[in-house]
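Protein chains: 2
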Amino acid sequence: MSEQYKAFSEQLRKIGLIGSIGGLLAWDNEVYKPEKATEIRGEQTAFVSGLAHEYFTAPEFEKIVLALLNDKSLSEEQSINVQKVHEDLVKQKKFSKAFIQKQSLLVSEAFAKWHTAKTENNFLLFENSLEKIVALCKESAEILGYEVHPYDALLDLYEPGMTTQKLKVIFANVKEQLVPYYNSLLAKQQVDDACLHGTFDQQKQWDISIALLRQMGYDMAAGRQDYAPHPFSISMHPTDVRVTTRCDEHNLSELIWSAIHEGGHALYEQGLDAAYFGQPQCSAASLGIHESQSRLWENNVGRSLSYWKANYPLMQKTFPESFANVSLNDFYKAINKVEPGLIRTNADEISYHLHVLIRFEIEVALMEGEISVKELPAYWNSKYKEYLAVDVLSDALGVLQDVHWSHGSLGYFPTYSIGSFYAAQFYSHAEKNMPQLSEKIEKGEMSELLDWLRTNIHRKGRLYNSEEICAQVTGEKLNFDYFMNYVKKKYDGIYG
Amino acid sequence: MSEQYKAFSEQLRKIGLIGSIGGLLAWDNEVYKPEKATEIRGEQTAFVSGLAHEYFTAPEFEKIVLALLNDKSLSEEQSINVQKVHEDLVKQKKFSKAFIQKQSLLVSEAFAKWHTAKTENNFLLFENSLEKIVALCKESAEILGYEVHPYDALLDLYEPGMTTQKLKVIFANVKEQLVPYYNSLLAKQQVDDACLHGTFDQQKQWDISIALLRQMGYDMAAGRQDYAPHPFSISMHPTDVRVTTRCDEHNLSELIWSAIHEGGHALYEQGLDAAYFGQPQCSAASLGIHESQSRLWENNVGRSLSYWKANYPLMQKTFPESFANVSLNDFYKAINKVEPGLIRTNADEISYHLHVLIRFEIEVALMEGEISVKELPAYWNSKYKEYLAVDVLSDALGVLQDVHWSHGSLGYFPTYSIGSFYAAQFYSHAEKNMPQLSEKIEKGEMSELLDWLRTNIHRKGRLYNSEEICAQVTGEKLNFDYFMNYVKKKYDGIYG
Chain E
149 MSEQYKAFSE QLRKIGLIGS IGGLLAWDNE VYKPEKATEI RGEQTAFVSG
199 LAHEYFTAPE FEKIVLALLN DKSLSEEQSI NVQKVHEDLV KQKKFSKAFI
249 QKQSLLVSEA FAKWHTAKTE NNFLLFENSL EKIVALCKES AEILGYEVHP
299 YDALLDLYEP GMTTQKLKVI FANVKEQLVP YYNSLLAKQQ VDDACLHGTF
349 DQQKQWDISI ALLRQMGYDM AAGRQDYAPH PFSISMHPTD VRVTTRCDEH
399 NLSELIWSAI HEGGHALYEQ GLDAAYFGQP QCSAASLGIH ESQSRLWENN
449 VGRSLSYWKA NYPLMQKTFP ESFANVSLND FYKAINKVEP GLIRTNADEI
499 SYHLHVLIRF EIEVALMEGE ISVKELPAYW NSKYKEYLAV DVLSDALGVL
549 QDVHWSHGSL GYFPTYSIGS FYAAQFYSHA EKNMPQLSEK IEKGEMSELL
599 DWLRTNIHRK GRLYNSEEIC AQVTGEKLNF DYFMNYVKKK YDGIYG
Chain D
149 MSEQYKAFSE QLRKIGLIGS IGGLLAWDNE VYKPEKATEI RGEQTAFVSG
199 LAHEYFTAPE FEKIVLALLN DKSLSEEQSI NVQKVHEDLV KQKKFSKAFI
249 QKQSLLVSEA FAKWHTAKTE NNFLLFENSL EKIVALCKES AEILGYEVHP
299 YDALLDLYEP GMTTQKLKVI FANVKEQLVP YYNSLLAKQQ VDDACLHGTF
349 DQQKQWDISI ALLRQMGYDM AAGRQDYAPH PFSISMHPTD VRVTTRCDEH
399 NLSELIWSAI HEGGHALYEQ GLDAAYFGQP QCSAASLGIH ESQSRLWENN
449 VGRSLSYWKA NYPLMQKTFP ESFANVSLND FYKAINKVEP GLIRTNADEI
499 SYHLHVLIRF EIEVALMEGE ISVKELPAYW NSKYKEYLAV DVLSDALGVL
549 QDVHWSHGSL GYFPTYSIGS FYAAQFYSHA EKNMPQLSEK IEKGEMSELL
599 DWLRTNIHRK GRLYNSEEIC AQVTGEKLNF DYFMNYVKKK YDGIYG
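Residue numbers (this note's numbering), protein chains in the order written: chain E, 149 to 644; chain D, 149 to 644.
Just chain E, same shape as in the assembly:
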């Protein structure tokens, strides 16, 4: 390795360390931080972010990156690492320190306002902050630059290569194919999911979730599970990837499938190659690819009949009052019941995408100035009526339900749907590549699937973007048909 590339990777390792320290601060913030430490935690976090920015935009580092850009002696992987870092650098350098500070202050203010507004079910308390957030996002888009639509600049932050136009095409499929299909399911006789709403001892649920995480291949010696108000996974380093979950003693879904979902994220991060810590090669490709891993495990695997052939006996043994007299097939139907609702995170795997569609359309409208923040609650409610035929009873259950906007994250939501669609496409190829896959899963043997994901997705890190990875794995670009076919096959089976 050349001296210069060594210096490059050493500086990235330091920046990775700083990021990992920020990760621990974030994890603790959600999980164990004492209430009164909120202010000092904000300062600690801002300090660490500033430090990462300082190390990343250091002139000596930029010099090395620029020199390496023209270094013909690099391997192909090294070259890609350098290019990706250069792209990031160009992006980062567009923002002045003053802008970053303004953003950081606004976001901590907005989060607090959102939290109060949601708690008190009063959108007005958040309105002004959200106006500032939208203005900031518009400013961001102008600073970053874009070819067609300002929203493209934001999308690119989370899903490099994604554009408003591409999303419109994808969501046109949702509207034209998924919505009618969903409505046809709703018209049929509903499945009975009463068995999921008994009483489930918290510790027993926890124990099952740990067993399922281990079965997936989640390495408990390189991670841990804790409770948090909003489940998430976070990686400090491939040897320290933590998941969180929450529990509802009267709703089994809350803990079990959120654990599997976060476990899917965590497997991706544990699967990155630590030898390249700090480099793109040891980073996730995009949020969409990240979500493809969590959704693949949660839905394609975790809500499949094969999966529960393996695991339903444990469930029955643990909760005989609820499941002793419920057949595997009825359980399988129950966990796949479709039911339109108000809350995105509780949605079934079909209507979930209508929730995302609504947010996508709202974000585009906000960026285009088609609607104002003031009009948002009414606009939100009309969209829910239109797509999901539900009445939004309060803003807390409506426009205030998600934290994302208070974080300043416009352009983030679409990655949730993209992830699911990638998941269906990947999983279809996994099944093709491994004809014995469902038999293995029925026996609780997940390692073949995990190895396949490791090789085809995890180990590539961010050397390729999501479109490239998709093409490498499936021979084509993102194709909504896979998701549609997956859904149809599954739900035709369930709803007859």
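Please note that the accuracy of each hint is not assured.
Any copy will do: because identical chains look the same in the list, a pair fits if it lies in one copy or spans two.
[Stated by the list, open to error] The list that follows gives simulated cross-link-like pairs (lysine-lysine, BS3-like), each with its CA atoms no further than 25 Å apart: (1) Lys162 <-> Lys241; (2) Lys316 <-> Lys481; (3) Lys154 <-> Lys250; (4) Lys245 <-> Lys162; (5) Lys154 <-> Lys588.
The hints are simulated quantities; they were obtained by calculation from the structure and are not laboratory data.
Model, not experiment: these values are computed from the prediction.
On the provided structure of chain E, position chain D as indicated by the hints.
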């Protein structure tokens, strides 16, 4: 406030932030860190330490400190802050970066070797590392400089102003007064502490410890308690001061008094004035003063009859099998039983100081070259025979029991005894100043005592060293008579 003083306090605040981030890394390391993350945690910690050093020794900061040293417009407190920081800076700058790196590497190696050596009960596995540690401490002493004894330089790191000579005087009292008194107690009929060795449900012990911490005034919204293999307290900021504990279901002392002890440390840190975060004014005065707070709560309060008048009913209600038929007085005697043993952290509050005395004499002998590391196990065992009349059965229970030397910390142990002696002196004055104190404590009202400690000790931070604080609070310097009188009064009562 002058611009320069503002810059001074802002830089210190940043260094404080860095320290607090290091604190969270350390806390997590002991409490929740996944096993495989040990290596990356080492890197994170080293990075943060290096950063703190870099910020503290930055030439621009030094310029400000030097200018402020001669600034006559500063308030007295500001002046002291500047002087203390200048002293620290002079100390820090004596160590080259190469020395610090050598030390950091040696310490992580030594800790691992010690851990294995203790686990395998094989001193030879640690011997070579300890030789290097002793050599490093000698080198440190030479770098730091001293007037009389090289050990003085090390003591000064933990207890500014303390010297080998002063300690010899203090420990002469231990030998001449405490040892004969202790032996006289051992000759009497022993108290029965069988009631402490029943079976105590872990969760119930935990709940009691939380109740006791709250009663002391420990602010749970600015802290938390978790389990850790070795109990400790750690402060990130006065709003985030955490304690840890451990549990033995067959020994009530393990959790209860360690929680009170760590709670005492934590009250000190929660009592520092956050307005001066990062400055000496918001730092502990010394390890001895720190220990005075933990020991005051653990022993002077937490093993007193008044304290258990307030709390024994809860204990009886929680563990009726053990305590329903044990009188308050018998419980009080049981928790104050004297019994010489091998392990310092399990020692009663009298023989504890013989354990410290042994370590003090060993450290002085090592620094003087009187004994070699090779001779240490035999020397240790002979000292235990001499002072405690016990036979050391294995090095794991002997010379390998404490972690401190593997951390490179020679000169640390004496602060444990100094702290207890300060505690007795402080508490004697607290009782004099507040004639109703024991009545309040009998009712479980601790706030008067806490307020007194806050005003007289906590809020002073490090503006004064331990000797100055002692003189301010008690009108005289550290005087062993207070401890001796406290012990005699208490144990004459117990042993008749």
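A quick look at each hint next to the structure:
1. In this assembly of identical chains, Lys162 and Lys241 lie within 25 Å of each other by CA distance both inside one copy and across copies; the values are 19 Å within and 24 Å between.
2. In this assembly of identical chains, Lys316 and Lys481 lie within 25 Å of each other by CA distance neither inside one copy nor across copies; the values are 32 Å within and 78 Å between.
3. In the homo-oligomer, the alpha carbons of Lys154 and Lys250 lie at most 25 Å apart only across protomers (22 Å), although the nearest pairing inside one protomer, at 35 Å, exceeds that limit.
4. In this homomeric assembly, Lys245 and Lys162 come within 25 Å of each other (Cα to Cα) both inside a single copy, at 21 Å, and across copies, at 17 Å.
5. When the C-alpha separation of Lys154 and Lys588 is checked against a cutoff of 25 Å, the pair qualifies neither within a copy, at 43 Å, nor between copies, at 66 Å.
Going down the numbered hints, you'll see the structure goes against 2 and 5, while the others check out.
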